[in-house]
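On the provided structure of chain A, position chain B as indicated by the hints.
2 protein chains.
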Amino acid sequence: MKKGLMLIISGPAGSGKGTVNRHLLATGDFVYSISATTRAPRPEDTDGVTYHFISREEFISRIESGGMLEYTEYCGNFYGTPRKEAEAVLESGKNLILEIEVDGARQIKEKYPEAILIMLLPPSFKVQESRLRGRGTEPEEKILERLARTKEELRFVDSYDYVVYNYDGCDREAADKILAIVSAKNSSLPRNPSVMEKYFEA
Amino acid sequence: MKKGLMLIISGPAGSGKGTVNRHLLATGDFVYSISATTRAPRPEDTDGVTYHFISREEFISRIESGGMLEYTEYCGNFYGTPRKEAEAVLESGKNLILEIEVDGARQIKEKYPEAILIMLLPPSFKVQESRLRGRGTEPEEKILERLARTKEELRFVDSYDYVVYNYDGCDREAADKILAIVSAKNSSLPRNPSVMEKYFEA
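From first to last, the protein sequence lines stand for chains A and B.
Numbering of the first sequence is given in this note's numbering, commencing with residue 1 and proceeding in unit increments.
Numbering of the second sequence is given in this note's numbering, commencing with residue 1 and proceeding in unit increments.
Just chain A, with the same shape it has in the complex (with noise of 0.2 Å):
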């Protein structure tokens, strides 16, 4: 059997993630990555779910040990990706999403020159705004703020493997793309060694 893939998808606010992840976990091949957080839950978190729940000590300790594939640290909180969770996937045959931002997807290209980097897309800044206001659930603030991180959000597309754009932002078209890319890595003569000796002794 062969090993799982890596996804890092990473992408802006009214790129369609979510629902590009939920397309992709509904076929049974993939996993989510949980993140591990040093914040405090709260009411609507599950641990284990939401995120790994654990503590400064045990976060710094990981990253000490190398048990941290990314993090980050944001309003005084570490944010990162459990090395040992994510390598049972791979290790089961299932591919592995993580939904995490330029620098981790940066972090993890070093370590996991293999990952595939993935920046979804929607079609153009103009119509980003337009599904943001659209929803109506956020004070215009929120949303201003939002897009303003646009810009940064994208300043390392460019050593990104892949840019997939989201053009309608609820149909499958999107997460099609990324199974298509899925299929053609493990049709690539790197997932295939030994093809010849293969094929005679079959």
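Worth flagging that the hints you see were computed from the coordinates, not collected in a lab.
Mixed in with the good hints there might be a few duds.
Since the list can't tell identical chains apart, any single copy or any two copies may satisfy a pair.
Stated by the list, open to error - Below, a list of computed lysine to any residue pairs in the SDA-like style, where the Cα atoms sit at most 20 Å apart:
{"id": "1", "residue 1": "K198", "residue 2": "S159"}
{"id": "2", "residue 1": "K3", "residue 2": "K111"}
{"id": "3", "residue 1": "K151", "residue 2": "P193"}
{"id": "4", "residue 1": "K17", "residue 2": "I116"}
{"id": "5", "residue 1": "K198", "residue 2": "A13"}
None of the values given here were measured: they were computed from a predicted structure.
Frame of chain A, contents of chain B only:
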């Protein structure tokens, strides 16, 4: 509009190239490259459909002027891929299918590093053998000859980009894997220049 992709599809007898190509052509996004040859037309041939029939002088003159993407001599006749027709297809945005063997594939990859080399294979040599015999249309001698060529046809498989196993031989699965390769390539960063600029100016 993006230029089309050049797909080189190789595969031994029984790999199902014909069925796969029909599925690809049915999408309307692909054009099948017609080879040029110096061999005499047979009753079943139509000029410009089975081959472009040209004279030996013409063929040699095209080789010398760089007008052949690849060529080979077989039983005293030349066979090759005319460059002009190929480039016209790519410029039109359609993907070009070249059904050629390993030597031609290597010649093309040298001139067009972006050409996508795909080896289509039955799941194993045993299955290939039973498929060829199952056809019941060829004399044993011919079947053995085809089987004997397989090792030769696979000798550069390691320099291919993809290997696509055709498990069923009749269904769409192998064609879908090739469509996934095309989709993934179209999502790759090199096929999407200036992501950032286009995103904000659109």
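Numbers of unmet hints, in rising order = none
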